[in-house]
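Asker: One letter stands for each residue in the lines below.
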Amino acid sequence: MDYNKNAEQINPFGNVSTVLRPSARLSAESHLLGWNVPPHELRHIPEHWLSFPEPPESLNYLLGTLYIFFTFMSMFGNGLVIWVFSAAKALRTPSNILVINLAICDFLMMSKTPIFIYNSFNQGFALGNLGCQIYGIIGSYTGIGASATNACIAYDRYNVITRPMEGKMTHGKAIAMIIFIYMYATPFVVACYTESWGRFVPEGYLTSCTFDYLTDNFDTRLFVGTIFFFSFVCPTMLIIYYYSQIVGHVFSHEKALRDQAKKMNVESLRSNVDKSKETAEIRIAKAAITICFLFFVSWTPYGVMSLIGAFGDKSLLTPGVTMIPACTCKMVACIDPFVYAISHPRYRLELQKRCPWLAINEKAPEASSVASTTTQQEQQQTTAA
Amino acid sequence: MVVSVKVFKKATPNGKVTFYLGRRDFIDHLDYCDPVDGVIVVEPEYLKNRKVFGQLATIYRYGREEDEVMGVKFSKELILSREQIVPMTNTNMEMTPMQEKLVRKLGNNAHPFTFHFPPNSPSSVTLQQEGDDLGKPLGVEYTIRAYVADSEDDRQHKRSMVSLVIKKLQYAPLNRGQRLPSSLVSKGFTFSNGKISLEVTLDREIYYHGEKVAATVQVSNNSKKSVKSIKCFIVQHTEITMVNAQFSKHVAQLETKEGCPITPGANLTKTFYLIPLAANNKDRHGIALDGHLKDEDVNLASSTMVQEGKSTGDACGIVISYSVRIKLNCGTLGGEMQTDVPFKLLQPAPGTIEKKRSNAMKKMKSIEQHRNVKGYYQDDDDNIVFEDFAKMRMNNVNMDD
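Each protein sequence line maps, in turn, to chains A and B. Read in order, the letters of the first sequence are residues 1 to 385 in our numbering. Read in order, the letters of the second sequence are residues 386 to 786 in our numbering.
Hints may be right or wrong, so weigh each one.
Said to hold, decoys possible - Partner residues are not named here, just some residues of chain B that face chain A (Cβ under 7 Å, in silico): (1) 452; (2) 465; (3) 628; (4) 671.
Since the hints were derived computationally from the structure, they do not count as laboratory data. All values reported here derive from a predicted model rather than from experimental measurement. Note that CB positions come from ideal geometry on N, CA and C, so glycine has one too.
Sequences are here, hints too, so could you generate the full structure?
Answerer: Structure follows, in C-alpha cells:
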C-alpha cells in the first residue's frame, strides 16, 4: 500500500528535528501537532499536519465547547422537526418526507460530535483511528446526504410551484429519492473506509476526521476531484437552477395575474396590497436566495479547502484554518430546521399546539373554518329536531 | 302546488348583518351578465355611526394549500367591485323585482345592493380533487361579502363580516347551430405505399350536459397495413391561465375491435356513442367541474364561451374546451393515428325545451328533498323560502392570509 510505505519512510522523531521551528525549539513546553499520538497510530495522520506546532489548549477547549453548543442546538431543532413532522398527521405529506430526511441527516451529523469533543478535551488524536473512521463514515453519509436532500427538496419545490396542478409528489417517489440519496453517498464512504480509493484521516487539530485531500498522488487528487464534483458541484448547480426557475415562474405568475386583473378593469389584488408590504415575487426571491446562500456558505469552504489541499498550495492550510469549514457545516445543521421547517406555517401551528411553552404566536386560519362548519352542523341538527 | 321562491340567507357570526339573495347562479350571456342583486339587513342600533361595505371578489386557487412552500400562495383574490351599502350612496339604483319583494318583506332595515361582474370575468370552475382531500377547492370561485367598518379600508373583523359563495355560469345559445364538426386525416407509412384515411363527424356542435355524443368514424384503408383496433375518447382540455398551465383528461372512453382488423382495401363506417359525465369521473384529480356549491349535483365544466370577435386566448381564469379523439391502432410497426374533433358541452339556456325538461327533473328531486327537511320558514304572502347558510364557508374570508 502506498500510504503504508509513506508512513514507514517518515521517522516521526527525525521529522521533528528537521522541521522544528526556532520558536518551538526555544520553549521546552511547546510540542508539535501529534506529539501525543502513539507511534503505531502515526501512519494514519497525513504528514502535513505533523509539521505544525500544537495549538494552545484553550483553543481546543473553545472548539470542544462550540461543538457541544452545536450538538445541542442541532439535536433540539432537528429533533423537534422529526418529532412534529412524524407525529402530526397533517404534516405527513410526501414532500415533507424529504424535509424529515434532511432533519435526520442534520440530527445524525451531530451523533459524531462526541468523538470530536472527547478529542478536543484530550488535546488531539485521543480516540485513535477507530474513532476517526467512525467520524468519517458518519460525516460523509450525513454531509453528502444533507446536500443531496437539499437538491431533492429544491427539485420538489420546483415541481410543485411550476406545475401546481400536476407536479404532485407521491410517497413512493419521495422514498425512492431518499433511497437514491443514501446510495449516492455509499460509494464514497465504502471507498474511503476500505482505503481502496481515498481514506478517512484526521485533519486540523487532529480532533476531527474527513476524507484525505493532502496525500500527494494521482489517486487522491482524482478522488478529491470526484467527490468535489458529485457532492458539491452537482447539488449546488441543481439548487441554484431550481430556485432560480422558481423565482422566474413566480414572477411570470404574478405578471399573468396582473394582466388578467387589468383585462377585467380591476386595479387591486388585495392579497398583495394590504397584507404585506412586499410583493409575492420579492418574498419568494428572498427565500430562494436565503436557501441558496446558506447552502453555499455551508459547503463552499469545505470544497475550496479540499481543492487547495489536492491541487493548490498546501502551506495555506494551517490547522486553525481547516477547522473553519468543519464548523460551517455543523452550523448549517443548526440553521436548517429554521429555514426548512420553522418557515412552514403548518409546522409552526403544530409546534404551538404541542409545545405551548415555546410561545409561538401563529394565527390559525384552519381552526376557524373547522369551528364554523361544526356550528353549522349543530344548527342543522337543531332545525331538524 | 304552491309556487315558492327560494331565498338564500346568511348572517355574520354575531348575527347582526344578514345577506338575502334571490339566487346564487348568475348567468353570463356574453353580451351582458346578470348583476348580483340582493338585500342586506342590519340592526341600526348595532351599526351606530358605522357603515356597511360590500365586495364582490373572485378567488383563483391553482394549487393545494398544503403544497404551499417558501411563502408561495397558490391562491389569489381579486376584488372585482366594492361599494358602500349602508348608508346607500347610489341613490338612483333601480331595484330588481326580487329586491323589491325582499325589501317589502324585511322592512326598514333592509338595504338593497347590486354588484356587476366586470367584462371578461371568468366562469366559476372547480377542479376536482382526490377523495380524501379536505383542502379548499381548486378553481375559480366568486364570493360576495359585507362587513361593518368606519371606512372602506378598515381592518375587517371576522365577527361582523359575512360572505357567501356565488357562481357565475354560461348557458348555451338558444340556437344550437347547424354545423356538424368533422375532421379528416390520413396517414402514410415509411416503407409501404398507400394511406389510411380517417374521417370523424359529430352529430352536433353543441351538446348539453348528459347528452350522448355520437361520433361517426369512417376509415378507408388504402395501405398495406391493417387497423387492429379503434379507441374513442372524450377529452376535456383545461387551461389555467393564471399559471399558464394546461392539461387534458379523458372523461369518457371506449375501445373496440368490432369490425377490426380493417384489412388493406377495406372500409369501415361506424358510429360511437359516448356520454361525458361527472358521475363517471368521481374522485379523479384535475377533472374540471362547473363551479359547485356544497352537496349539489354537479356536472362537468361547461365549455368556455367568448364574445364574438375575441379568441379564447383573451379569456381569464380557467378555460375549458372539449374534443372527441379517435385513435386507430395500426399494429406495432404501423403506429397510431389520431384526430381530434372539437365540440362544446354546455348548460341548456332557460326557455328552451331541453332546459324545461331538465328543470322538471331537478324540481322533482328538490321537492323530495324538501319534504324531508323541516324547519324552513314558509311565508304565506310571497311564498318565500329562506335557506339559511349560517356560517358555511366562513373560511373563504381567510383565503389570502
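Asker: Tell me the hint numbers this structure goes against, listed in increasing order.
Answerer: none
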